[in-house]
Structures are given as C-alpha cells and as structure tokens.
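Chains as they are written, first to last, in the working numbering: chain A, 27 to 191; chain B, 7 to 183.
Hints may contain errors.
Stated by the list, open to error - Pairs of lysine-lysine residues, derived as DSS-like cross-links and limited to a Cα-Cα distance of at most 27 Å, are as follows: (1) 57/B / 105/B; (2) 170/B / 150/B; (3) 95/A / 67/A; (4) 158/A / 171/A; (5) 67/A / 129/A; (6) 42/B / 129/A; (7) 180/B / 42/B; (8) 158/A / 172/A; (9) 65/B / 157/B; (10) 153/B / 105/B; (11) 95/A / 33/B; (12) 42/B / 95/A; (13) 129/A / 33/B; (14) 95/A / 157/B; (15) 170/B / 153/B; (16) 180/B / 170/B; (17) 94/B / 170/B; (18) 150/B / 94/B; (19) 105/B / 65/B; (20) 105/B / 95/A; (21) 42/B / 150/B; (22) 94/B / 153/B; (23) 170/B / 65/B; (24) 103/A / 105/B; (25) 170/B / 42/B; (26) 157/B / 180/B; (27) 153/B / 129/A; (28) 105/B / 42/B; (29) 129/A / 157/B; (30) 33/B / 67/A.
Because the hints were derived from the structure by calculation, they are not lab data.
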Amino acid sequence: MMKAVTVIGFVVLVLSQSQMLMAGVEVNEFSSQTQEQQYNKLINELRCLVCQNQNLADSNSELAQDLRKEVFSMIQKGDTDSDIVDFMVARYGDFVLYRPPFKPVTFLLWVGPFIILFLAVLFVVIFIRRNKNTDLTELSNEEVKKADDLLESLQTPDAIKGNKQ
Amino acid sequence: MWRYLAPLGLFMVLVVFLSMGLSLDPKDVPSPLIGKNAPAFTLPDLHSPEKQISPDLYKGQVWLLNVWASWCVSCRAEHPVLNQLAQKYQLNIVGLNYKDQRNDGISWLRQRGNPYISNAFDLAGRVGIDWGVYGVPETFIIDKQGKIRYKHTGPVGWLDVEEKIMPMIQRLMKEAP
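For reference, chain B alone in the conformation it holds in the complex (with noise of 0.2 Å):
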C-alpha cells in the first residue's frame, strides 16, 4: 500500500509548490520602504518649472504616488483607471514624471486627461532611485504621516482598486493625522 501511496503523496506535495510558484509574480519584489518615511525630495513641477514639488507639501493628507512616462508602455493601460481615481473618488494623486522629456509628458497629459494634482518632473531619475523604482509604472500610498504603507508595481488595474487600494485608502483617511 504504501509503495503507491509515497510517490503519489510526494507528487501532490510537488503540485502544491509548483502551483504556488505559478501564482506568485518574481517581477513584484516587496518594498523595503512600506512603513518608513517617504523619501524627500524636490523636484520642478511639470508643467510650471519655477514651482517647486516636495512630499513635505502634503503632509497630512492620504495621497498616491505614481510613477509614469509618456515612453512607458503599460502606463497608457493604467492612465484611465487613475483618471476614474480623481474624478470619482477626488484622490490626491501626484505623478512623478519619471525620466521623460517635458514637452513629451505634458502633451501626453493633455491627449489622455490629467488625473494629477501636481506632476514632479524627474530627468534624471535620481528620485526614483530613492523611491526604489524600478518598473514603471508604480504607485505608492502615503499616510497622514508621510509614511509609506503600500507600493504597487505595474499598472494599477480595476481588481487592485477594488480589493487593495480603496480599502487601505479608506482605512488611512480614518487614522489620527
């Protein structure tokens, strides 16, 4: 009996990792920043370079951090889904520009709707280096304290709205600032 039941036993285990290594993403590596203080910087805005963008100017407040390009691909897939975001549930989303060319990312703002209460232009990327970027797009929440509680790698779909974002978001704006 047990000459059968072993391999077979050994075999479910095996089904069981392999289908749990099918379920996992290796793209999404967590985030050694959820739960610190968001990384300071300042940067140009986007559309008025002589304005300066810093986290410090919504400290306070539950805001989005999201990292785009007009050169990212998949952020075209995202785009309406963040617009939805400002218009339906008025949340303070700001973009950070992430390596682009200005005229590039303005024009893109202006064909595909602008969801963004403030856009930081970063040619560099030396924010994003700080904000551990490193596939755009991504999108962080940030608590009334200035921490951040949540990263999300890749574009931000309809099910992440619904099951991650809203949930934590609704669940930071009831906390103490």
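Isolated chain A (complex conformation) (with noise of 0.2 Å):
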C-alpha cells in the first residue's frame, strides 16, 4: 500500500515537473512562414546583454525573453528587419548586433585580424629571405681540406677512439 502511494506520488511530481517545463517553452504563432524565417534570423542576429556570448535565440535571461517579445511584437506589427534592428541598436548600441557596422570605432575589430595576417606574412618573408641570403659563400681551399679531414678520420674507427678520448 505504501510502496503504491510513494509511486503515484512520485508519478505526480515528474508529471508536474513536466507541466513546468512546458511552461517555459514559449509558443509564437506566426501568421506566415515567411515571418517565422524573420524571427528565427533575427534573434540569432541579436546579442542577449545579459549574458554576453549568448544571441536572443540562445538566452534564457529574463531580458532576453523581454526582448524576444518585443521582437515578435514587432514582426506581427509588420516592421522590416531595419526596423527591428535600428530599434535594439537605439536601445542598446552597436554591442547587440553580431554584425556591427563598418564605423571609425570598429575599424580595428573588422581590419584587425587582416593586419595580424599582413604583419605575419611579411615577418615569414623576411625570415625566409635573410636564411636565403646567409651561409651559401664558398668555403677556401684551406677550409675544403679540413673538412675532407675530418670525414676521412671517422671513418677509421681508431680515430673515433682517439678523438674521444
């Protein structure tokens, strides 16, 4: 008799645990596909502020569903994608857009990464043009004979022998 009540019990809770978790998925009924498409590309366009790394779609933050809202709101009202995102950019600057603007202050995020390219470029380059240059002059008579030496005495053992001692 217990063990039964325990497992209804126990039934009940994850049955309404379920119920919880279905409560935080939100419903959109979108009245085209076309306006769907919108919204799906719009919040994963957007940045959630709250947690940083995360777009609109991703985010669970309380801001991020506000603004999920809003942009749904929007979409149904009929505004353009421009419209949506000059909204949150008024709002919250260029930060919210994964795709900020091509301005004097983003100049370094967007020309950055092809300078670092350049300068490593041209560093290899360098490095491989002075390698090129150095070490190639032709050895003297006198340095030909040395070497000519010392390749013949190791081939005689006696000689390892005697250079190692």
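Could you fit the two chains together into a complex? Lean on the hints.
Rendered as structure tokens:
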C-alpha cells in the first residue's frame, strides 16, 4: 500500500515537473512562414546583453525573453528587419549586433585580423629571405681540406676512439 | 643585440595590451542614449497607482533615474549610498521599480529607507527596454533640458559618487535650463 502511494506520488511529481518545463517553452503563432523565418533570423543575430556571449535565441535570461517578445510583436506589426535592428541599436548600441557596422569605432574589429595576417606574412617572408642570403658562401681551399680530413678520420674507427679520449 | 631586444619588446607590447584588458569591464556597455533625450514614459506611481509619473515632470531640473528592484541583490549594497545622496545633497532621485511586485517594492523601501522623490512602477519592464536597461541597478543622470548625460551600470559606490556623479551633477546644475 505504502509503495503504491509512493509510486503515485512520484509519478505526480514527475508530471508536474514536465508541465513546469512545458511552461518554459515559448509558443509563438506566426501568420506566415516568412514571418517565422524573419523572427528566427533576427533572434539569432541579436546579442543578449545579460549573458554576453549568447544570442537572443540561446539565452534564457529575463531580458532575452522580453526582447524576443518585443521582436515577435514588432514582426506582427509588419516591421522590417532594419526597423527591428534600429530599435535595438537605439537602445543598446552596436553591441547587440553580432555583425556590427563598419565605423571608425569598429574599424580595428573588422580590419585587425587582416593587419595581423599581413604582419605575419611579412615576418615569414623576411625570415625566409634572410636565411637564404646567409651561409651560402664558398669554402676556401683550406676549409675544404679540413672538412675532408675530418670525414676521413671518421671512417677509421681508431680515429673515433682517439677523438673520444 | 636585436635578437634579444625584439622578443622583449614584443612581450612588453603584449603586457601593455593584456593589462589594459584587465582594467576594462566587459559588462559595461556604452549606452547610445547619452546626449539624447530621455525616453518618454508614463507609468503609475509605486505607492499610489492613480498617480502618473513621467520624465516631463522633472524638466528644468537635474535628476537621477535609478533602476532598482526588490529581487536585485546588488541594489541592497547600493541603497545606503542613495539614501545618503538624497539626505546630504538633496538630489532628485526618481526610482524605476523594474519588473518587481508592488508589495515587495513598497516593503523593501519601508525596511531600507526611501531616497526617491517618486517611484515609477514598471511591471512589464517595457520602459526598461526603452532606456536600454540590461543589468539592474542602473543610474542615469538627466540634465535640465531632459537629456541623458551619464549612465552608470551596476551598483553606485562612494568612489563613483565622488569621482563621477557629484562632479557631473555640479557641472549640470550650473547649466542654463
């Protein structure tokens, strides 16, 4: 008897939990597929300011929920992408955009990686050139003879022994 | 000589940039609203719902809008500073009670003191969106013409009051209405 009660209690608990989870899912009724696509595109491109490395689609913060609602209602009013993006930028700045516009402030952000790439290529080119120019001088006769002697001495085991001592 | 100086120089440049990065706060996003007119709103008063609060009421004055909520933990740290600002300097601080329950907000103020000349009750957080609020508490300074001149994100501390807020307010007080 007690067992049955516990099991029922557990089932009820699990069911109520899943209902709570259901409540967390946002259900938006779009009047057309283009509107739905517009919504999904926008919430993926707009950044959440609370959890800064998430977009509005990923974030579960209260602000992200509110802003998703705002995007949804603006789409239903028939606002265009740029209307909605402008609305967000006017309030939160370029920071809300994952692809910020090209401006003096964002110049380094856009061009920086290419500058670094250029410097790296330049460095490699200089490095290779410098190594090519050095150490290719001809050996003098004396040096060639010295090298020959060394090689010859290596071929006789005695000499190696002698060198080691 | 260069062989040793070049990596050292490169290292120094890295150190400078990394230490600059350490002193920056990634949570502090500059507000595009600075220098612009304070976004209009009409909201019921927290204490008396029949009363309407709007920024127009404070035109011609220098005032602060402080966004707070009873659920906001760092607002607790900030509150004594606001109380002092209101008492000592007689600043006009308007509260924006953001996404809070009316009773919670009222009892919070009863417990901790009320530094606000009035409190707008923003249950839905829609006015918060218009003001670009993303991290409560936030504090805005609005000049006599109704323009936002400064924004502080996060709890206001004494250092912020001395170094930024009071000098800014004294400067704005001298401006013509």
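Evaluation of the provided hints:
no.	hint	in the structure
1	57/B / 105/B	holds, 19 Å
2	170/B / 150/B	holds, 18 Å
3	95/A / 67/A	holds, 14 Å
4	158/A / 171/A	holds, 25 Å
5	67/A / 129/A	holds, 23 Å
6	42/B / 129/A	holds, 20 Å
7	180/B / 42/B	holds, 19 Å
8	158/A / 172/A	holds, 25 Å
9	65/B / 157/B	holds, 18 Å
10	153/B / 105/B	holds, 24 Å
11	95/A / 33/B	holds, 23 Å
12	42/B / 95/A	holds, 26 Å
13	129/A / 33/B	holds, 22 Å
14	95/A / 157/B	holds, 26 Å
15	170/B / 153/B	holds, 17 Å
16	180/B / 170/B	holds, 16 Å
17	94/B / 170/B	holds, 17 Å
18	150/B / 94/B	holds, 21 Å
19	105/B / 65/B	holds, 26 Å
20	105/B / 95/A	holds, 15 Å
21	42/B / 150/B	holds, 13 Å
22	94/B / 153/B	holds, 25 Å
23	170/B / 65/B	holds, 22 Å
24	103/A / 105/B	holds, 25 Å
25	170/B / 42/B	holds, 19 Å
26	157/B / 180/B	holds, 20 Å
27	153/B / 129/A	holds, 25 Å
28	105/B / 42/B	holds, 24 Å
29	129/A / 157/B	holds, 23 Å
30	33/B / 67/A	holds, 25 Å
The structure shown violates none of the earlier numbered hints.
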